[in-house]
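Number of protein chains: 2
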Amino acid sequence: MWDSFIQHDTVKAILNDQGLAKTGDSIVNLCYSLSKSLVLGIATGEKVRDSVLAKAIRATTLYDQINRRTDHGAAADSYEAVIAYLWMSGKVTIENIVEFLVPLLTINIKTSRKREAEIASEAFKLLLEHLLPSLEFKM
Amino acid sequence: MWDSFIQHDTVKAILNDQGLAKTGDSIVNLCYSLSKSLVLGIATGEKVRDSVLAKAIRATTLYDQINRRTDHGAAADSYEAVIAYLWMSGKVTIENIVEFLVPLLTINIKTSRKREAEIASEAFKLLLEHLLPSLEFKM
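Protein sequences, first through last, are from chains A and H. Residue 116 in the working numbering is what sits at position 133 of the first sequence, and the numbering runs on without skipping anything. Residue 86 in the working numbering is what sits at position 103 of the second sequence, and the numbering runs on without skipping anything.
Incorrect hints may have been included.
[What the hints assert, rightly or not] Listed below are the simulated PhoX-like cross-link pairs for lysine-lysine, each with C-alpha atoms no more than 25 Å apart in a straight line:
1) A/K(-5) <-> A/K93
2) A/K30 <-> H/K30
3) A/K93 <-> A/K30
4) A/K108 <-> A/K74
5) H/K74 <-> A/K74
6) A/K108 <-> A/K30
What the hints contain is simulated information worked out from the structure, not anything from laboratory work. Bear in mind that the values here come from a model prediction, so they are computed numbers and not experimental data.
Using the sequences plus the hints, can you model the full thing?
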């Protein structure tokens, strides 16, 4: 169904795909909304901040595929593009991502936004590390 | 997995569930992003405007379950809550929604934003009408 969007030859091409980033943005937000809903026990919705995803991707081995001086927005786009690529490739489902994130989100309704951002960033870093082998590209 | 979020006794309770609306917002945006990507042949992302969903839900039989004077934001929330409810109930998948929307989105890269909004609104109306029997509530 999504074959035409995932014809990349290199990881770098995925990281720089602005279109994938836009789709990935929706996927990431949905996964975080669902995960946070399960953790808090109330349905909620959340836009994941660029700084959270930027910090996450910079802490993985993908960091040397993107310019470390890249701003938060562009680094977050790269994170989102990878997620969209893996989802469109059928390598991961929304449910897989949520199941991975939930036990890592040690938050409650009293957690400050700053602390939640740190916890979310660490969770998204671990998610990306977990998914990286599925990218199947020579880096 | 989502059982605790979908314990509603009436359609009205779903329509007024702000939490479901937040989750539904992410689902609707993802489905529209994916559908538009398939139609245009390029990966893209799009936030569906409240006015588009408000117009869609007001054109269905759900309209007398919500106050017709409700503003765009609240009417769109009701639309999003229904989608989240159906997705969490396993009555519809992201792929189902995309497959339904794609043939209805008669847009191209030259379509004006205004015209696209009209087309999207009609598509979301038809989607909701198509899904309504799955709500299985006495209205």
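Does the alpha-carbon distance linking A/K93 and A/K30 stay inside the 25 Å limit? 18 Å, holds
Against the 25 Å threshold, does the CA-CA distance of A/K(-5) and A/K93 hold or violate the hint?
39 Å, violated
* Would you check the hint for H/K74 and A/K74, treating anything up to 25 Å between C-alpha atoms as holding? => Between H/K74 and A/K74 the Cα gap is close to 23 Å, so the pair holds against 25 Å.
Quiz prompt | Restraint check for A/K30 with H/K30, where alpha carbons must lie at most 25 Å apart | solution = 12 Å, holds
Given pair status - A/K74, A/K108, alpha carbons within 25 Å = This hinted pair holds, its Cα atoms lying about 18 Å apart.
_So if I understand the rule, the pair passes when the alpha-carbon distance is 25 Å or less; does A/K108 with A/K30 pass?_
At roughly 17 Å apart (the allowed maximum being 25 Å), A/K30 and A/K108 satisfy the hint.
Checked against the numbered hints above, the structure breaks only hint 1 and satisfies the rest.
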